[in-house]
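Engineer: Residue numbers (this note's numbering), protein chains in the order written: chain A, 49 to 427; chain B, 49 to 427; chain C, 49 to 427; chain D, 49 to 427.
Note that these hints are calculated values from the structure, not bench results.
Note that this is a predicted model, so its numbers are computed, not measured.
Please note that the accuracy of each hint is not assured.
All copies of an identical chain are treated as equivalent in the list; a pair is satisfied when it fits inside any one copy or across any two copies.
The calculated DSS-like cross-link candidates involving lysine-lysine, where the alpha carbons are at most 27 Å apart (straight line), are [claimed, not checked]:
{"id": "1", "residue 1": "317", "residue 2": "176"}
{"id": "2", "residue 1": "204", "residue 2": "419"}
{"id": "3", "residue 1": "419", "residue 2": "176"}
{"id": "4", "residue 1": "204", "residue 2": "317"}
There are 4 protein chains.
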Amino acid sequence: MTKLNWGMIGGGAGSQIGPTHRISAGLDGHFLLCAGAFDIDPDRGKAFAGSLGVSADRAYGDWREMLAAESARDDRLDLVTIATPNATHYEISRAFLEAGFNVLCEKPLTMTANEAREIVEITKESGKVCAVNYGYSGYPLVRQMRAMIANGDLGKIRLIKAEFAHGFHADAEEADNPRVRWRYDPAQAGTSAVFADAGIHAFHMACFVSGQTPTELSADFASLVGDRQLEDDAMINFHFNGGAVCRLWTSAVAVGRMHGLTLQVFGEKGGLSWQQQHPEQLHWTPLNGRTQILERGDSDLSEQAVRASRIPIGHAEGMPVAFANIYMDLADVLNAQRTGAKPDPMALDFPQAEDGYWSMRAIEAAASSAKANGAWTKL
Amino acid sequence: MTKLNWGMIGGGAGSQIGPTHRISAGLDGHFLLCAGAFDIDPDRGKAFAGSLGVSADRAYGDWREMLAAESARDDRLDLVTIATPNATHYEISRAFLEAGFNVLCEKPLTMTANEAREIVEITKESGKVCAVNYGYSGYPLVRQMRAMIANGDLGKIRLIKAEFAHGFHADAEEADNPRVRWRYDPAQAGTSAVFADAGIHAFHMACFVSGQTPTELSADFASLVGDRQLEDDAMINFHFNGGAVCRLWTSAVAVGRMHGLTLQVFGEKGGLSWQQQHPEQLHWTPLNGRTQILERGDSDLSEQAVRASRIPIGHAEGMPVAFANIYMDLADVLNAQRTGAKPDPMALDFPQAEDGYWSMRAIEAAASSAKANGAWTKL
Amino acid sequence: MTKLNWGMIGGGAGSQIGPTHRISAGLDGHFLLCAGAFDIDPDRGKAFAGSLGVSADRAYGDWREMLAAESARDDRLDLVTIATPNATHYEISRAFLEAGFNVLCEKPLTMTANEAREIVEITKESGKVCAVNYGYSGYPLVRQMRAMIANGDLGKIRLIKAEFAHGFHADAEEADNPRVRWRYDPAQAGTSAVFADAGIHAFHMACFVSGQTPTELSADFASLVGDRQLEDDAMINFHFNGGAVCRLWTSAVAVGRMHGLTLQVFGEKGGLSWQQQHPEQLHWTPLNGRTQILERGDSDLSEQAVRASRIPIGHAEGMPVAFANIYMDLADVLNAQRTGAKPDPMALDFPQAEDGYWSMRAIEAAASSAKANGAWTKL
Amino acid sequence: MTKLNWGMIGGGAGSQIGPTHRISAGLDGHFLLCAGAFDIDPDRGKAFAGSLGVSADRAYGDWREMLAAESARDDRLDLVTIATPNATHYEISRAFLEAGFNVLCEKPLTMTANEAREIVEITKESGKVCAVNYGYSGYPLVRQMRAMIANGDLGKIRLIKAEFAHGFHADAEEADNPRVRWRYDPAQAGTSAVFADAGIHAFHMACFVSGQTPTELSADFASLVGDRQLEDDAMINFHFNGGAVCRLWTSAVAVGRMHGLTLQVFGEKGGLSWQQQHPEQLHWTPLNGRTQILERGDSDLSEQAVRASRIPIGHAEGMPVAFANIYMDLADVLNAQRTGAKPDPMALDFPQAEDGYWSMRAIEAAASSAKANGAWTKL
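Based on the sequences and whatever the hints tell you, model everything.
Structural biologist: Put into structure tokens, the structure is as follows:
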């Protein structure tokens, strides 16, 4: 298929997430990076664009300049990835969607649920795509979990246990380091720190695999290092609309944990267990049966998992390939958009504005519940 | 040393916990089983006693008969293990303590915190020992955790993450099986099911390794199978008196989990992680350092862990040996009692009436909090 | 059942294996330790016997004294465990068997295959039992492997991969330590060091689970530390009489390995994988199927595994319990001997003189092959 | 930097390795795929080229046509990847090298050691690069092993234990499937099957991390399924020129193993253990010390490992990223070639013609030794 024209905003020199996007988008070769406003400093951004092979006329000083110029071109960008600081996501996403561009926004989509609701509406009106980068949902075996649950293999889901814990903000002596400090400052980070930053991925995963959304939650936030105003550890209980209880733990003080993203789902007919640390294996225990190990790459997996898999069994695909599945989905959908065809229904599993909206609602409700000593709070 | 005279109440034919006690007490050869009232049915109990080599004159029809007869003997029992149904623990423990016997009671020590408080008092007055069988605390590496924390290796403890989850009550079709049903019937089980039965071990471990006790808690109970009145899944947040937050999950519907008892402790200076499934390894991550694997049996462990270890490194000791450490501690203490010597201070780490009391308080507070939608409840 | 009278030779103060025997024999309570010659120093041995509760008249100064006195008693020992230095095993086993005692000899049974052949013959003539302590074969899941293979679940066995590797003799500075040095001295250790000491367990396991014996082998021995004359690392390829190839690695220089005993068996219809480090799980992969995890304690295991299991699922039983299964088998067989009944056929799986014989043949053939640059050597 | 012009031969529709190359080369964006002869069928190859966005004038019917046309262009290819059937590698690599192209050849580089020696010579004369795709050496933690060993952290290397085992050719009923059968047919596969195909990766890894090459070997080949003429299981012992013993097992009948590539290295001062199944962790045990877990992405790793790492710690990078490191190295070297600069010395660690040569020598020697019943054979 013809390459899709791709642009980026943010993600320049020194960015951690920028290279991950370029690796993931580049991996399948569907996207050609042909425009960008990579940096808050216009000159540095243009130089960086050059270093990536972007031609000078499409290397922009800022996103407004990029929006104006790209809107006027015939060879319009098929997709704009937004990887700027969180507080700017709403404004930029909104502007590009209103101008008729497809957008992939880094999470969080916005800083409030109301803003996210607006983006959902604007997206609907625009007929364009607004993806949000909850990239862990691209792992083939996470999609396998979703497929098995949708297929009824687990029966009614009773319980979801989700974790995203690390220890990289545990050093009290590092707490004043600006790179860390802003995350726990309400003025910059909003109402939640570690749940909004890390735990929200586990939340998205719980919704994604179960196909359910929360109706209410009770949250306990703890600030365990120095005088942090926002939480560096949180435990949240959810009731989901399909009847599942979800228990989610997230932490930034769990020394020895390496972004331990884990997901266990227990239903009437069996249980599933997956951990990002070993993403190639999924443990499935049918009720009263033996635990089975499902291997990524095996031919007897669901068609969703097979589609999301590129490399022979026994060779770890890794997180960049999981992210690449989001870009692969987008390529399918954008190509269908170009040609007027229906996209592959399996390509519609990528996280979208609606997911960004639910995330913001969960963050707001959790912060509110935590302030009220864990009172159950409706979403 | 001379063998200690040992008797059992309960734990007869068909009991699961009875053999474990005999294996654990027998393992080091400190105890000689010489009396017992093993069964609710006197004849069956006496026959069972005979099968264990107990002489006919000390094979009793019930505990009252045993109490009377043994109280009158010169070669008194040094220790009485109580492994009867939960509701009888209080009465029997109390009677034997008051008669001047040392007691090892299966958990729970009592059915209420008030009863447990009485047992604590009676024990103090008697000058005898009342142990409670939170046997997992006998694992050498659990004692290593306690020793490292007491030694300040982790600095101030910030967070404890404890789990005890299994899936053996997940089958809705089995929910009416009498063997399962009574556990979820308030008339027989009291105010809590899975927390009182399984999770309480994780609670004891959290207190044991941290050296702290809870000041308040917030509990969420869920009944996920059929029409159970008591919880088969629970999440509890604690505040501990040394400043630690403790998050404890317990479940009986987690299909695929095999009594997964795990304990993670995170402090200012590092984190520890241990799981009963692989009890011979303890992961220790110093802040900003690499994770190290401490092996049970290694000579560089704490003296508490070395003392609790019998078998060369690389050979799993297992749970019966962990339980045997409780009996080994008791043998030390009872021998000191006999001779008037001071016992080895390290022998005093076995779980005692005080631990049984804290467990009952936690169960009552958790049940109360759960009923009040998770309201924070003082202990 | 009545307790069996048990005596020990060797295994006194400072012995590593002595306590393991007492723990394992004591665990089920079938055996009563009532006689012993525990030490090369008669006085120290008698004192040690006293510390174990052995009465003074059966605390012996040496094994000859013990043989004479015990032969004359009416309450004869039902079993004599021999845990003396290797070079004495043959003489002592022989003498006790010829006097009509049942024997459990620590491995190696003898120093040569010819001696072992004699013991096999003497045992047959005596009608008594001669067990050899390849205790790892007592693990329930190892017996499960044997049962599944005997049952044809794997079809014809093609390949066995066995390992027993540790790093406890890797320190060149420790090589002259007498505790280590004798093991690599042909005058004291014979023709093989690490294979005869450690690897031989893996060899026994390969034979035990497959039900096959070797017909020829090719061995590569390496001496990797200092000027050792005997091997501290070995790789041996076997051809087994049922058509299986067996590849066995053993090492004493594998720093970081903790007695890593592992066994993988591959047949026409599937593969099995077990490791002593995590002895409670057995991985079974049917051909073209998913890997299943068999848990020790599960009710759907073979009757052999169920019989060898004491503790509820999810609680590691450990190596002492595996060893205790050897003693449990012996108790069954010796009780049948007493009563003239047929023992439970499942009780006959304990390692016997014949196994000791095959081990000595394998050691001699391996040493011979290694000297001949790995020439294939018949057994 | 400017993109490098890249072409492929082979790797078209239905190829397994073709997509892996495109994913890995595409991932960092250094290479632009601008020419190719993708298929033995010219039309199908040209169509496939079009589907990848290759312009019609550089979509070739076969490699000879491609060689002629590309040799004449000013915008010459910077790199040609050869992913054709094994028997053609020598001829094509040779032709392109002689015409002054840089080459990345899939393994094996040739079908004989003599041919490989020629390619080494031709490469030297040409001044160009000839890489061979032993891509597993691109894993950051494999490079960490190499760096630690080069740095002397392990002291003198005593022993290397390498494995590459799978069970994907274990089904006797599948043995006649043409997709499998050719691999065991000497006419098509040469003198070795599973060692040449799979085990050779483990061989390269052993050489790569140790910095040593073999001086002699002894091999045992087994054909365990049906009437295969070539081996489907092999055990090889090597002596390396730096004094290390290397023991290598490879299998295609190990049901339940998923391409289990593992590497353990034991030296005077410690041991390293790595397994491809969990490529993000490296276990390092200093002599007489505790095992430490080195995490990919940690900042305290060697500069080689840091350079080869793209994604934050705790997120598996996977095999495509490991392969991408080979392309990253090549990009560094080819850019230096363009500009006349010295390349980063760390970029020279990618596998080269010399590695392909040693592999062929090892295969020939192993096949020869196996035929001679494992006779030690010089390389």
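Engineer: As a check of your reading, is residue 204 near residue 419 (CA-CA no more than 27 Å) within one copy, between copies, both or neither?
Structural biologist: Close across copies (25 Å), not inside one copy (33 Å); limit 27 Å.
Engineer: Reference check for the pair residue 204 and residue 317, CA-CA at most 27 Å: within, between, both, or neither?
Structural biologist: So residue 204 and residue 317 pass the 27 Å test inside one copy only (8 Å; across, 35 Å).
Engineer: Could you place residue 419 and residue 176 in one of the four classes (within, between, both, neither) given a Cα distance threshold of 27 Å?
Structural biologist: Classified as neither: same-chain Cα gap 38 Å, cross-chain 48 Å, threshold 27 Å.
Engineer: What label fits residue 317 with residue 176 when the C-alpha limit is 27 Å: within, between, both, or neither?
Structural biologist: Classified as neither; 39 Å inside a copy, 50 Å across copies.
Comparing the model with each earlier hint shows violations of hints 1 and 3; every other hint is respected.
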